[in-house]
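Student: As a plain string of letters, each chain reads:
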Amino acid sequence: MTLLDPKGPVLPGAPELQLTLTPAVLGRLMPLFLWLDRRGRIQAMGPTLAKIVGSEALGTSYARHFTLRRARGRDLGPESLADGRHIAVTLVRHPGFNLRGTAVELPGAAQPGALLVNLSFGIHLSEAVRFFGLTEQDFAASELAIEFLFLAEAKTAVLNELQALTRRLEEARREAESEALSDPLTGLPNRRAFDAALDRAVKLLARGGRSFALLHLDLDFFKQVNDNLGHAAGDTVLIRVAQVLAEETRRGDMVARVGGDEFMLILRGPIDERRVAAFAERLIARLEEPIFYDGRPCCVSASIGAVIGADGAGAVADRMLADADSALYRSKRAGRGRCTVCAE
Amino acid sequence: MLGVVNKSIQSFLSSHYGGHVWREVAERSNVDPAGFEAMLSYDDRLTEALLDAAEAVLETPRAMILEDIGAWLAMTEPMRRLLRFGGADYWDFLFSLDELPGRGLMALPGLGLPELMLATEAQGRFTLSVKGAMPGWGAVMAGLMRAMADDYGALVLIDASGRSGPVERVSVTLLDMAFAEARHFDLALPAGVLRHDLA
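Sequence lines, in order, name chains X and D.
According to UniProt numbering, the first sequence is numbered sequentially starting from 1.
According to UniProt numbering, the second sequence is numbered sequentially starting from 1.
Please note that the accuracy of each hint is not assured.
What the hints assert, rightly or not - To spell it out: a stretch of chain D is covered by chain X in this simulated footprint if at least three of its residues, at any positions, have a beta carbon under 8 Å from a beta carbon of chain X; those stretches are:
(1) 31 to 41
(2) 80 to 86
(3) 105 to 116
Said to hold, decoys possible - Derived pair list, reagent style DMTMM-like, types lysine to aspartate or glutamate, alpha-carbon separation capped at 25 Å:
(4) K155(X) / D52(D)
(5) K51(X) / D186(D)
(6) K131(D) / D43(D)
Since the hints were made in silico from the structure, they are not lab data.
Every residue gets a Cβ at the ideal spot worked out from N, C-alpha and C, and that includes glycine.
Please work from the sequences and hints to get the whole structure.
Tutor: In structure tokens:
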């Protein structure tokens, strides 16, 4: 790394160069400059700084307008500042605004110990511009203030656009997910959602969770409704059945439509054969109530095959499904409108 | 190319000519009428297809449509503000155009704005050379510069006819910098103002 000569490059062999700068010239180069005499009184300042602290600050002590936050020594004065030190100040009247800058002792000034300070807004530039109503002309062309403001605004626009995009994608994702997992007619979870739920229940049980019951329900006489009254009547029945199933189950239970007139239920435990039988009896009774379509009654019933996944039984999803299916078959054979619980 | 370009064409067509025109253009160019996502990338050929369809539906030459898009874009408030950061007056603004692609990249990497170079011809006369990935950016810039002249209150003559190889030329004659009052512009937005669209 090359260290910069703090004095800056000067033509070799040239006699000591002296610059004469008036406050007006300084103000154009450094609109936020501050010129202090050795006692810290403000001798001159740049036009932008004057806009902020008021030109009546001229001749008063800088300490009435600026609180020194960071500098070596206690006070902003020649005795406490080495040349080129970075300083940070806060506006006394507007403590929310910090400025930072460099203070240098003016060599060869009429009064020894006079200081020239060049200030600049830091990260609060946008707020300062807004609060003090600053314009392009209030900044030196060499400052990056305008680029900073441009960038802040452009990035906000881009970020807003990205956040809106993320929101739209997330909504689309949720919608696709729920479409993939639900039956459009009844709104119930579909076979795929049911398989996932059964898998979870089996795994939970293996880890010592509660027992649960798996019920396979098939509507009786549904084909007759479809054949005699048409598919619209059949759809009405299916929607009503889904409602009844949802009403009869508790939160945490699962009801899914897994085929034309087939439903699967998972009843969370603790649960036993007696409770399953009572639940099925109540359910079948409700499903046997006539459902009216276009003023005409549609009468169906339901056959159910159930199996209980109990603690320590080593439940396997496929075997439970097969057991429930054969229990359902027995209910059908025994005359429909009933529930058979498979004995483990 | 980033969707922000296609999205601009879409927004221009629907806000300037109405949703039915956009839907017709979308249908002709095989684009979902829901349109483009500004922050996703699309094949450049889609932009060509969109402009072809817009020409056919509007029965307007492409250059004229592109100029209108440039002007419309500069008049959308977020874009107008970003362009006004270019300078305090139109003269400053013209010279900031050299930096426009850089500013664009700073805001949105991958934006793909054309290369721009402003040359001073004579007192008050300039030529902007525009070299973009696809032809037509010259017309867009001409529209944008015309709209910004109105914004700054400057009186200008802009001609986008010149072209040599991949470089399009826009000539600008600055007649009066302070012809009318400039539209209001604050360097900083009021606190809490959030804007939701680039284009």
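Student: If a hint holds in the structure, say so; if it does not, say that too.
Tutor: Evaluation of the provided hints:
With 4 residues having a beta carbon nearer than 8 Å to a beta carbon of chain X, the stretch 31 to 41 of chain D meets the requirement of three or more and the stated coverage holds. Given as covered by chain X, the stretch 80 to 86 of chain D passes the check, having 3 residues with a CB less than 8 Å from a CB of that chain where 3 are the minimum. With 3 residues having a Cβ less than 8 Å from any Cβ of chain X, the stretch 105 to 116 of chain D passes the three-residue criterion, so the hint holds. With a C-alpha separation of about 32 Å, the suggested pairing of K155(X) with D52(D) is violated against the 25 Å cut-off.
As the CA atoms of K51(X) and D186(D) are separated by approximately 16 Å, the hinted pair is consistent with the 25 Å bound. In summary, the hint linking K131(D) to D43(D) is supported, as the alpha carbons are separated by about 19 Å, within the 25 Å threshold.
In summary, the one numbered hint that this structure violates is 4.
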